[in-house]
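Peer 1: Chains as they are written, first to last, in this note's numbering: chain A, 1 to 366; chain B, 1001 to 1366; chain C, 2001 to 2366; chain D, 3001 to 3366.
Worth flagging that the hints you see were computed from the coordinates, not collected in a lab.
Derived pair list, reagent style DSS-like, types lysine-lysine, alpha-carbon separation capped at 30 Å:
id	chain 1	residue 1	chain 2	residue 2
1	A	LYS178	A	LYS53
2	D	LYS3320	C	LYS2273
3	B	LYS1220	B	LYS1043
4	B	LYS1220	A	LYS320
5	A	LYS364	D	LYS3364
6	D	LYS3272	A	LYS82
7	D	LYS3320	C	LYS2223
8	C	LYS2082	B	LYS1272
9	B	LYS1040	C	LYS2364
10	D	LYS3154	A	LYS154
11	A	LYS364	C	LYS2008
12	D	LYS3082	A	LYS364
13	B	LYS1364	C	LYS2220
14	A	LYS178	A	LYS195
15	D	LYS3364	A	LYS8
16	C	LYS2082	B	LYS1223
17	C	LYS2178	C	LYS2043
18	D	LYS3364	C	LYS2008
There are 4 protein chains.
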Amino acid sequence: MSGNTFGKIFKVTTFGESHGASLGGVIDGLPAGLDIDIEKIQKDLDRRKPSQKSPDGSVNKSVTQRNESDTIQILSGIFEGKSTGCPIGFVIPNSDAHSSDYSDIAEKFRPGHADYTFYEKYGIRDYRGGGRSSGRETACRVAGGAFAKILLEKLFPQFEITASTTEAAGIKAETFDKDEIEKNSLRCADKNAAKKMEERIEEIRSKGDSCGAIVECRIKGIKAGLGEPVFDKLDALLAQAMLSIGAIKGIEFGSGFESAGMLGSEWNDQMKKADSNGQVFKTNHAGGILGGMSNGNEIVFRVAIKPVPSISCEQNTIDKTGNECTMQIKGRHDICLAPRIIPVIEAMASIVLADLALQNLTSKIN
Amino acid sequence: MSGNTFGKIFKVTTFGESHGASLGGVIDGLPAGLDIDIEKIQKDLDRRKPSQKSPDGSVNKSVTQRNESDTIQILSGIFEGKSTGCPIGFVIPNSDAHSSDYSDIAEKFRPGHADYTFYEKYGIRDYRGGGRSSGRETACRVAGGAFAKILLEKLFPQFEITASTTEAAGIKAETFDKDEIEKNSLRCADKNAAKKMEERIEEIRSKGDSCGAIVECRIKGIKAGLGEPVFDKLDALLAQAMLSIGAIKGIEFGSGFESAGMLGSEWNDQMKKADSNGQVFKTNHAGGILGGMSNGNEIVFRVAIKPVPSISCEQNTIDKTGNECTMQIKGRHDICLAPRIIPVIEAMASIVLADLALQNLTSKIN
Amino acid sequence: MSGNTFGKIFKVTTFGESHGASLGGVIDGLPAGLDIDIEKIQKDLDRRKPSQKSPDGSVNKSVTQRNESDTIQILSGIFEGKSTGCPIGFVIPNSDAHSSDYSDIAEKFRPGHADYTFYEKYGIRDYRGGGRSSGRETACRVAGGAFAKILLEKLFPQFEITASTTEAAGIKAETFDKDEIEKNSLRCADKNAAKKMEERIEEIRSKGDSCGAIVECRIKGIKAGLGEPVFDKLDALLAQAMLSIGAIKGIEFGSGFESAGMLGSEWNDQMKKADSNGQVFKTNHAGGILGGMSNGNEIVFRVAIKPVPSISCEQNTIDKTGNECTMQIKGRHDICLAPRIIPVIEAMASIVLADLALQNLTSKIN
Amino acid sequence: MSGNTFGKIFKVTTFGESHGASLGGVIDGLPAGLDIDIEKIQKDLDRRKPSQKSPDGSVNKSVTQRNESDTIQILSGIFEGKSTGCPIGFVIPNSDAHSSDYSDIAEKFRPGHADYTFYEKYGIRDYRGGGRSSGRETACRVAGGAFAKILLEKLFPQFEITASTTEAAGIKAETFDKDEIEKNSLRCADKNAAKKMEERIEEIRSKGDSCGAIVECRIKGIKAGLGEPVFDKLDALLAQAMLSIGAIKGIEFGSGFESAGMLGSEWNDQMKKADSNGQVFKTNHAGGILGGMSNGNEIVFRVAIKPVPSISCEQNTIDKTGNECTMQIKGRHDICLAPRIIPVIEAMASIVLADLALQNLTSKIN
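Isolated chain A, as found in the complex (with noise of 0.2 Å):
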């Protein structure tokens, strides 16, 4: 494995299984001379952390009651507030492991997981809490993430992104209103939806088992020209870096799927003189990006998120040694990863923009 590191110049790489010491990782590449509010960076950490409320104060029964602060302990690179330039070492350790829940995984593998790849790929698993493959590897990421929006924010003061749970459980979001994402354990931007959303999870909970969702990402403020065609593509690095994320099974910019039904004089966002924003496309269709490149639109994707595979109904599956067994799985999980996801999803498309923001200051020169 030494697919650890994502980036190019803004780089971040990532260690830490579920149940070992500590998760934790490398930015490399973060210019020097950025004000680090490291108050700031725990508070992306906190909206993707388990055992999360609901915003009302609530049990969020949606997620996993695993008790984990997940604090970050950050341990060079930043000097007197400021950013020098040097590698950002960090750790998240793992407090409230408890690994014997996970002791009949050893020798079966759960249907979903990745247990069985991994054995086949490495001849040897940390079966703890699916070891290298858990979902908490993203925690690492939404650090990363972290520093990366401090990057952008400063080089796009308008920067803004945003996503939110469109589908969950089959229950569809029908308005947008920004104001309601943080107010409800979906972060639906549509709070009928939302809840919903929770009454249809919380049933699925009950039985033992799990749903999908889409989340859909919106990002305002960046400027045209960010993309390092013909494969680092702006929408191709979303994409790596979207299905890099465990659940994540599909992704589509703009009009998407749809396209495929569309006529080329429907598609074709037509173009009009720049107004107040520099904004110079009638419509949206391209999501945002044209050629692989930013196109200074608002930039749009959604993404399709799997049920989480951890059920407790009885599977049918194999063991090491091949012999079919049936399991259930026992410990802490969540019913639906639509609201712990999002931050990861932030997150790495902001480390995607970082990155490409700055091999675009290399694009041409004056």
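Dock chains B, C and D against chain A, hints included.
Peer 2: The following block gives chains B, C and D in isolation, referenced to the frame of chain A:
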């Protein structure tokens, strides 16, 4: 722009513009000792080349009538019919470049094209035929993919990759007969649907319009374990590879966006004793990928293709000075990209797999 | 700064400053299934750590008396004593950082140090103990090298790497007795020369001065063929690796700079039937590398080490505003880097070889 | 072999064998908007090409008489005389390839050449003229370097790079007159020494032998701060770049190997108020590099060049089956590489600097 190389060990670098002297590239990292059949490579290029006939010998009306032989000249890396381990340089000369067709677009940005973003990023653009952002660039990807396939066929004797059009111009394929694919102008595995697509596309063409499509790709014979968590996962790199192709606006694996509405108990592919092909999954909602690694099952993904942006209707746009204007695009263009993008999809997927197959040789030491 | 990762498949990423909370890093790409003996890794670190005693138990006067245990804490990637294929995160906490010693250098640039260049590049620098440019950073390289050696010992049972001081303070070693190396404070293979070096260094130390050295590294047991032409040749990457170590100002392979005065008929290593070790060369002017690849012979290179720049004599310099001033450097410093740089040289060479050994697994398909 | 790309942002990829159809490569990451003078690029290639005349018009007896025009054909990336930001593909066709000269070496390994290592690594080799390991490969480096220099001249108006022969055939240059360099066949800055070198080389040539050399490279006008600690330091990458050139066996910066015998009080370059060129160092033992970054002083390094391995005396070797035999190398060969390797050294150094200059644009945010 420093994004013209794809891969870490098996690396494909490409260059070339639509109306420049030549396209070309370098394939580095192909292991030594492989038998290289140049005719077979040329055949792959022929499947993508413009102005190809329909299988029945008639003019294929969904594709551009630009006349290019797309003949590959291999300049290095092959000796006495075998790969030597040295980089393979190749060129694909341009011959039928009508620069005169493109004079109007020097000053105006074509809606739906990369004209505006290239200009914003670089301050200069080779506007002839779209320059670097032309679909012609993908000829080099097909060349790279042809070498990747030679490697994959050696490593995985059961390897087979097949992409086909499952939707075009709003018409969906309903059956899958692999033998039909190369028998119709859409590369659709459903004979009847193909006929309807052709009719509908002819209608669209006659109005100067264009249409989108969906292509599905299925890959057999890949053993479990390819993919490098956590960022260079198989699905992550396939997503990067696909979204790096100009017209593709979305990708989904296995159950993809449908996963959002499924329960964990439906989605999780239950496991069983290995069958004669080593297959251990009862279903394939995962699309052959778990934890970012191939799981031995068929790898299945679908991509959304936007309508060809070059249409002959009048469009609203702006010129280089930012003033509003209208334009009509002339020249010879595709109506629906599906048939010609299929070899590109197969090529890029093969490049990803070849690179990950080589990386996988280092995953464990016995 | 985005240069804190070394390697393509076996990758070592490091972070940390002299007086920060902790040094650390990530080792990615180590194959799964290797037995990891953490005590052995710690022993490598002990060979580099400051304030180490002379082999006879006396104070080693050529090295700094800063008191650091350099204890490595491994945070991930090892399970039940074996590598899992997942990234290995580690930290080496700083404990004895006397920041007060360094207050003067906040405003002035120390001659021979990286103070000026860091300030010019980043506009900010962590001046405490040299920050990122401190030799302490190399502790992480030694950790990385320890893992590389585990891999190399598995792949090449005859693998053996030995660096020793061949010149220090102007005194040259004249004999080579490998068993002597760890018996004297200079890690010199010539007992008598070592004694003279020690005396001369004590003299230099008493005057507040420092001195340079030459270290030779010999590597046995590597099979022919490691190295990736034309840019990632074995000697090219060893040169990068060595020159990336702070104090090293030159490298030569085999006959090195003497080659300039030789004839082709003298230089060319004549070949012979393979001996029992598979050795086919009669001489070794090439230093074990031909065409950028190991040739099966002993790999031999020498590096030039500049005098430690921290000296207590008064020096002429400038301050941050550009005004001339003088300064005297206080604190605890090495006099001659040779003994402590030797484990770093062995580590970096091992990292290069481990990476190329893994890459070489993909060079041909049989 | 996947090592045919150099650089991270400004990237040069090369391909081609001595007796294949063509050499060539791709230059990626050159910023858009630079004026490209192709004649100037060709002139750089002419300085390296075989069979060049002595400056006085006579046959240059130190170089091979193979007759190649080394004409570069640029295939992409330039539009209306300017770089577009798109990759620059180029070819340099082979024309005077006498394959018949090399039939003997198909079965035997030439001492001092890469024949044996290529065969061991790949199990196959293009033996004609050394195949990929031929010095002809460096023509592409010179092409890449020519583009790098265009960028450097734009970024650093005072930029100047000059390599010259300081020792050849055992004779050392004692004076440095830059204007002499292009006036003698050795590219030596000492007129008298050059004459003696020429005589000595003619003597060596007449005996069918060859000789080594030392070349010094001086680079002016680079501002402080180029280089990416801790692994991609300026000296580290220059060392990689130089040692990746076939015949180079060592490199030293500034005082280099002499540093070993110096005291810190002698070595440390004392600092002073900036002069009119911004120069702040009184001496230059560091060779213009501190902490792995340019310090604004002249960058100075020397490389050791081994004797040309192709000599016509009878040599002892083995054949592919491992049996001992003798061989005599025929064909047209250089006697001393110094004059032709000088443009390659300048090119590779320029590539390193161009890449680091672009990376440096991201080092701080003001």
